[in-house]
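Trainee: Sequence lines, in order, name chains A and B.
Using the working numbering, you'd call the opening residue of the first sequence number 1 and step up by one each time.
Using the working numbering, you'd call the opening residue of the second sequence number 138 and step up by one each time.
Bear in mind the hints are in silico, worked out from the structure with no lab data behind them.
Check before you lean on any hint, since a few could be wrong.
[Said to hold, decoys possible] Covered, in the sense of this in silico footprint (three residues per stretch, anywhere, with C-beta under 8 Å from a C-beta of chain B), are these stretches of chain A:
#1 30 to 37
#2 53 to 63
#3 69 to 77
#4 114 to 121
[Claimed, not checked] Chain A is faced by these chain B residues, among others (derived, beta-carbon under 10 Å):
#5 Thr-171
#6 Glu-172
#7 Ala-173
#8 Val-231
#9 Asp-233
#10 Val-234
#11 Asp-242
#12 Pro-244
#13 Glu-246
#14 Tyr-248
The beta-carbon is built from N, C-alpha and C at its ideal position, and this holds for glycine as well.
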Amino acid sequence: MVRFRFSVLAICTTLLLQASLAVAAPHQLWTQLTPVQQEALQPLSTQWDSLTPKLQKNLLHAAKRYPKLTPEEKQRFQSRLETWSKLTPEQRKRAREKFSAFSKVPPEQRQQVKQMVRQQEASKAAASGAAPSTPEH
Amino acid sequence: MNQEFHPEQIKQLLNRSLARLDQPVLARLRDARTEALARYDAHSTVPAFAWIGFGTSHRHAADSHHKFWAAIVLLVALLFSCTAYWHHTTDHEVSDVDIAILTDDLPIEVYVD
């Protein structure tokens, strides 16, 4: 009986330990990444080791899709990585919520909003004297 | 004495003999039967899953705590599986949205407060 209870407790402890390990993502060094991951996350090479394990995990998930992106999407992905990594977890969460909400807007309205944003960006760029950014499509 | 007995006759003879038995003899026979049954119970095969409560009868009631612990193990295993699946799904959903934001044709600042 004692052996049985001990076995049960051992199994429970092991399962809980595994669950906690699954939840806590391990910290990975830049040198431990695969060449494909390094290529996708190149803009973060210098600060990668200082990123939180949770952010690293999210970025590594995203990096899996990198090889399938178009050249234009790859360029956007890499140019935004640094800004994205510098956001707070709360800001990233809010951004995801906004993006998800915006995805549910009807396509015509979405296009209108996108057009407005592009015009605003162009105006800002013109006002600051800089060349307007290349329209993104 | 070469009379042949029909099985039905034998049964009747035995029943009649039984009716004539003394009370002490009957009591001893009853005790012997009880003892034999107890031995049979002790050596009887326990169902394969009896330890988690299947196929048990009142005589295995003492093993109810086994059922309790088995239920705990199953519950923990179930919780672990659900948690792992939930994390796996959530991580994928989050990374899908992340890559969509990072490759969207609107600048990232639009979505950031």
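Trainee: Which of the numbered hints above does this structure break?
Mentor: Hint check: 1, 5, 6 and 7 fail, others pass.
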